[in-house]
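Same order as they appear, the protein sequences are chains S and F.
Count along the first sequence starting at 1, add 39, and that's the number in my numbering.
Count along the second sequence starting at 1, add 39, and that's the number in my numbering.
Just so you know, the hints here were simulated from the structure itself, not pulled from any lab data.
Take these hints with a grain of salt, some might be off.
[What the hints assert, rightly or not] Computed list of lysine-lysine pairs in DSBU-like fashion (alpha-carbon distance at most 35 Å, straight line):
1. S:297 x F:443
2. F:297 x S:297
3. F:297 x S:443
Number of protein chains: 2
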Amino acid sequence: MFRDPDPCFDSPGGHPVALRPLRVGMIGIGTVGAGTLRVLVRNQALIAARAGRRIEVVAVAARNLARAASIVGDAVALTYDPMQVATHPGVDVVVEVAGGTGPARNWVLAAIAAGKHVVTANKALLAEHGGEIFAAARQHGVAVAYEGAVAVSIPIIKALREGLTANRIEWVAGIINGTSNFILSQMEGEGLDFATALAQAQARGYAEADPAFDIEGTDAAHKLALLAANAFGMPVNFADVQVQGITTLQRLDVACAKQLGYRIKLLAVARRREGGVELSVQPALLPATHLMAQVNGSMNGILVQGDASGLTMYYGAGAGAEQTASAVIADLVDVARLDGTPATQRVPHLGFHPHALRALQVAPRAAVRTRHYLRVPVHNDRCMAAVGRLLAEQGIAVEQMEWKVGSADEARQVLVLTGESPQGTMDLALDALQALPEVAGPCVQWRVEPLAG
Amino acid sequence: MFRDPDPCFDSPGGHPVALRPLRVGMIGIGTVGAGTLRVLVRNQALIAARAGRRIEVVAVAARNLARAASIVGDAVALTYDPMQVATHPGVDVVVEVAGGTGPARNWVLAAIAAGKHVVTANKALLAEHGGEIFAAARQHGVAVAYEGAVAVSIPIIKALREGLTANRIEWVAGIINGTSNFILSQMEGEGLDFATALAQAQARGYAEADPAFDIEGTDAAHKLALLAANAFGMPVNFADVQVQGITTLQRLDVACAKQLGYRIKLLAVARRREGGVELSVQPALLPATHLMAQVNGSMNGILVQGDASGLTMYYGAGAGAEQTASAVIADLVDVARLDGTPATQRVPHLGFHPHALRALQVAPRAAVRTRHYLRVPVHNDRCMAAVGRLLAEQGIAVEQMEWKVGSADEARQVLVLTGESPQGTMDLALDALQALPEVAGPCVQWRVEPLAG
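Whenever a hint applies, use it, and build me the whole structure from the sequences.
Here's what the structure looks like:
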C-alpha cells in the first residue's frame with residue numbers, strides 16, 4: 040500500500056531539496072547488527088520518508104568477514120578492526136552493537152573524538168562508563184543515543200527525556216529483564232521450580248549459556264541506572280543500585296503469593312524517598328490484577344509516576360533482533376534529523392542539561408520502607424499467634440495473616456502481608472522470628488509493591 | 040530532594056550560556072490552561088533544567104479577565120482578544136487551549152503567519168483543519184505541536200513520530216475516549232444500563248453536559264485520524280473514519296460478552312488491509328485477559344503493531360487538567376529545544392516529510408474482514424440449529440455457539456462467535472437471520488478484535 044516515496048525532501052517553502060544520505064558505520068554484525076541491517080533495507084523508503092534522507096550502512100567491522108560479507112553485500116566496506124569504523128572518514132554515525140564494556144568503551148570514545156555521533160544498545164557500557172562517554176560527546180558536539188539499551192522495542196528513554204518533561208517524576212518501576220520474566224512466568228503458570236524454568240528459557244533461546252547477568256539482576260540494574268538518571272536528573276549511578284536476583288526464589292513462595300492474590304516479578308525500582316532515592320532490583324509481589332502483573336513471558340513493562348501525568352505505562356518486547364533494531368534505527372532517524380543542528384539545542388543525553396544534573400543521595404537499603412510478604416514455617420497450627428505477637432513487638436503491622444492452603448500439619452506455613460516498614464526493621468524482625476521456638480525452618484521475606492498512583 | 044538547578048545552560052564546551060526564556064502566549068485559561076500554568080510554575084526549575092531555558096507565560100487571552108487575573112498574577116499581559124496573543128510581538132509560541140474549530144483555526148493561522156510556533160491540544164481543530172494548518176506552518180517555518188490532542192498523558196504522538204520510525208506500522212488500536220470507557224467499565228463492572236452509566240459519568244465530571252462528541256465516537260475519530268496519519272504517512276483524514284458510538288450498546292450484550300470471555304470497549308482502529316486502510320471507531324469485543332481489556336475507567340490505552348518492534352502498548356490518563364498540561368508542556372520543551380534550528384531538520388508534523396505523505400485509499404466498511412459476535416433471540420431451545428444452518432449457508436464460519444446462561448425458555452438467546460468475514464457479508468447474513476421464523480427479536484452484532492501481534 041505504501042508507494043516508494045521520494046527520498047528527497049522539502050525546504051521550508053515545500054520544494055524538494057536533496058540531503059545527502061546519513062552514512063552509518065557498524066561495529067558488530069551479530070544478531071542485532073544483522074537485524075538492524077535487514078530492517079534498514081526492508082523499510083528503506085519509509086525510513087527515508089521519516090528521516091528526510093536515506094540512511095546507508097557504508098562500513099562494518101566484524102570478526103568473521105566471510106559471514107559478514109554474506110549479510111552486508113558488496114557495497115559495504117568490511118574490516119576486522121572496529122577502530123577503522125570508529126574513525127572512518129566516510130562515516131557520520133557509528134552504531135556499536137558488539138557488546139561488552141572494555142573494548143567497546145575505546146571504540147565509542149574514539150568515534151566521539153573523531154566527531155561521529157554514536158548509537159548503541161549497550162546498557163552495560165553506559166551504566167559503567169556513561170558519565171565519561173556523555174562528557175566526551177558534549178565536548179565534541181556529538182550525540183550518543185541509546186534507546187535500545189532499555190526495554191528495546193519500547194521508546195521509554197524518549198518518553199522520559201521528551202514525553203514527560205513537564206513532570207517531577209516520583210518513581211519508575213520496571214519489568215526490564217525478559218529472561219527473568221520468562222522464568223518467573225513459567226514458575227507461576229506451570230508450577231515449575233527455578234532450575235527447570237531456567238532450563239526452558241535456555242532451550243528457547245531466551246537465556247544465554249551463562250545466564251548470570253539476567254537472573255542475578257545485573258542487566259536490570261544497568262537499565263535501571265539509565266532510567267533513574269533520565270527520570271531524576273542524576274548522573275548514571277550503577278554502583279549504588281541494590282541488586283537481588285531471582286536465583287533464590289522458591290516455587291513454594293510463587294504459589295503462596297498466588298494464594299494471596301499476587302504475582303512475583305523481578306522489579307526494578309527508582310523512587311524518590313525521604314532520605315534519598317531508592318535504586319533497587321529485586322523480586323517483589325505485585326497485585327495479580329495490576330496491569331504490570333499481566334506483563335508475562337519475555338515481555339517488558341515500565342510504569343512511570345509523574346506529578347502532572349499521573350501513572351503512565353509502556354509495554355513491549357524486551358529482546359529480539361528486529362525489536363532492538365527498531366530502537367537502534369529510531370536513534371539513527373533522530374540523528375539524521377538533528378545532524379548539523381547546534382549541540383546545545385539537542386535533547387541532552389540524560390534529559391537534563393549537564394549543569395542541572397545532581398548526584399542524588401541513594402537511600403540505604405535498610406531505610407527503604409515498603410510492605411512485605413513473609414512465609415514462616417512453624418511446627419503446628421497453634422504457632423500462628425506467636426508469629427503475630429513477635430511482629431507486633433517488633434513494630435511491624437500485620438495486614439493479613441493466613442495459613443498456606445494444603446500444607447500438612449507437620450509443615451505448616453504462616454503467610455503474612457505487613458504494612459509498610461523499613462527494610463532494616465524487617466531484617467531485625469526476621470532475625471527474631473528465626474529464633475522463635477515455634478519456627479520450624481528458614482523464614483522467607485520479599486517485598487510487596489502495590490504500584491498505586 | 041531536587042535542588043533548584045541553575046536555569047542557565049551549557050555550551051558544547053560545558054560552560055554555562057544564558058539562553059533567553061521561551062515566551063508563551065496562551066489563548067484560553069480554563070481548566071487545561073490553568074493546569075498548564077500551575078505545572079509550569081510548580082516545576083519551573085525542573086522544566087528549565089530539561090529545556091535549557093525558562094518557559095514563561097507572558098500573555099493570556101481570556102473571556103473573564105478578573106478570573107484570569109486571579110490565576111495568572113500581575114506579570115502577565117491579559118486581553119479579551121485572542122488575536123492579540125496570536126500576533127503578540129513578545130511571544131515566541133502560542134498555546135491554544137480554548138477549544139472549538141472555527142475561531143481557533145483563525146487564531147492558529149494568525150499565529151503561524153506571525154511566525155509563532157503553536158502548541159495545541161485541540162483534536163477537533165487538527166482533525167478538521169490539520170492539512171491547512173500544517174501547510175501554513177511549513178510555509179512559515181514554525182512548528183505545530185499537538186501531543187495533548189491524543190490520549191493526553193501518554194506521549195503517543197512522539198512514540199509514533201519518533202520512537203517507532205524504523206517500522207512499517209501494520210495497525211494501531213486505541214481506547215482513546217475516557218468518557219466512553221468509564222461508561223463501558225461501569226456497565227460491565229456494575230451491571231448498569233447505558234443511561235445510568237452515562238448519568239454517573241456526568242455526575243463525576245467525566246462527561247460534558249452534552250456528551251454527544253464522546254459517546255457517539257466523534258472525539259475518538261478525531262484522535263484516530265491523527266494517529267493514522269502519523270502511523271501510515273497519510274494526510275489527516277477525518278471525513279473517511281467510519282464511526283459508531285456506544286449509545287445503542289445494551290447491558291445484555293455486555294453480559295453476554297462477559298459470558299464468552301470478552302469485554303466490550305470503544306475501539307479506534309487504523310489498520311492496513313487489502314483494499315485500503317481501515318479507519319474505524321466502534322464498540323468491539325476484546326478477550327477479557329488481553330492487556331487492553333484491563334484499560335478501565337477513564338484511562339486510555341493504545342496498541343501499536345510494527346513490523347520490527349512487534350506489539351507495543353501505551354497506557355495512561357486520557358483526560359484531566361494536569362494530565363493534559365503534561366503533554367502541552369512537553370511540546371513547549373520540544374519547542375524550547377528546537378527554536379532556532381532549521382525547519383527542515385525538525386520532526387515533520389505528521390512524522391513523514393510532506394513530499395512522502397500519500398493519500399491512502401480507505402477501505403469501505405463492507406470490505407473490512409473481522410471476527411464477529413452475534414446475539415440471536417429465538418423462540419425456544421430447538422431453534423439453535425436453524426441459526427447455525429443459516430450462517431453456514433451465508434458462508435460465515437461459526438467458531439463458537441452457545442446459549443446465554445440464565446435466559447428463560449421463552450426468551451432464549453443464541454450467542455455466536457464467528458470466524459473472519461467481511462462486514463458486507465455479515466450485513467447480508469444479519470438480514471437473512473432476521474427473516475428466519477425461528478428468530479424472536481432483533482439480532483445484535485458487534486466486532487470481535489483479538490488484537491494479536
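Proposed proximity, residue 443 (chain F) with residue 297 (chain S) (alpha carbon, max 35 Å): Holds, because 31 Å separates the two Cα atoms, which is no more than 35 Å.
35 Å limit on alpha-carbon distance, applied to hinted pair residue 297 (chain F) and residue 443 (chain S): holds (31 Å)
Restraint check for residue 297 (chain F) with residue 297 (chain S), where alpha carbons must lie at most 35 Å apart: Within the cut-off at roughly 24 Å; holds.
Comparing the model with each earlier hint shows no violations; every hint is respected.
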